[in-house]
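> Reading the sequence shown from the start, the letters are residues 1 to 93 in full-length UniProt numbering.
Take these hints with a grain of salt, some might be off.
Quick list of the computed label-pair ranges, beta carbon to beta carbon [said to hold, decoys possible]:
no., residue 1, residue 2, range
1, SER55, SER82, 32 to 42 angstroms
2, GLN64, GLU43, 17 to 27 angstroms
3, ASP21, PHE77, 12 to 22 angstroms
Because the hints were derived from the structure by calculation, they are not lab data.
For glycine and all other residues, C-beta sits at the position ideal for the given N, C-alpha and C.
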Amino acid sequence: MNEFTSIGADFLVRKDQKYCDLVVRCGQHQFPAHSNILAASSEYFDKLLSESKSSTVPRVVEIQGVDETVFADLINFIYTGSKCVTDWFKLHS
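Full structure from sequences and hints, please.
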């Protein structure tokens, strides 16, 4: 199993919210996720999660100033390693 197959399996677990220990709020949407996957995939999330003092379970962090659709694409990219470029152009044209 290569790393993308493994991450793809993690994506399916996230979709089922199995073992999710984090909820990222962006706009009106909530994204269940795994803090260890986000921290390992992004310096931003690593810093944010290490500084977060949230004691709720699951942990809740809020992202501001980012479009929900763009953030959904980012989360999907982190978990799957792929993103359709044409979707990006539709969002930014």
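> Tell me the hint numbers this structure goes against, listed in increasing order.
Violated hints: none; all satisfied.
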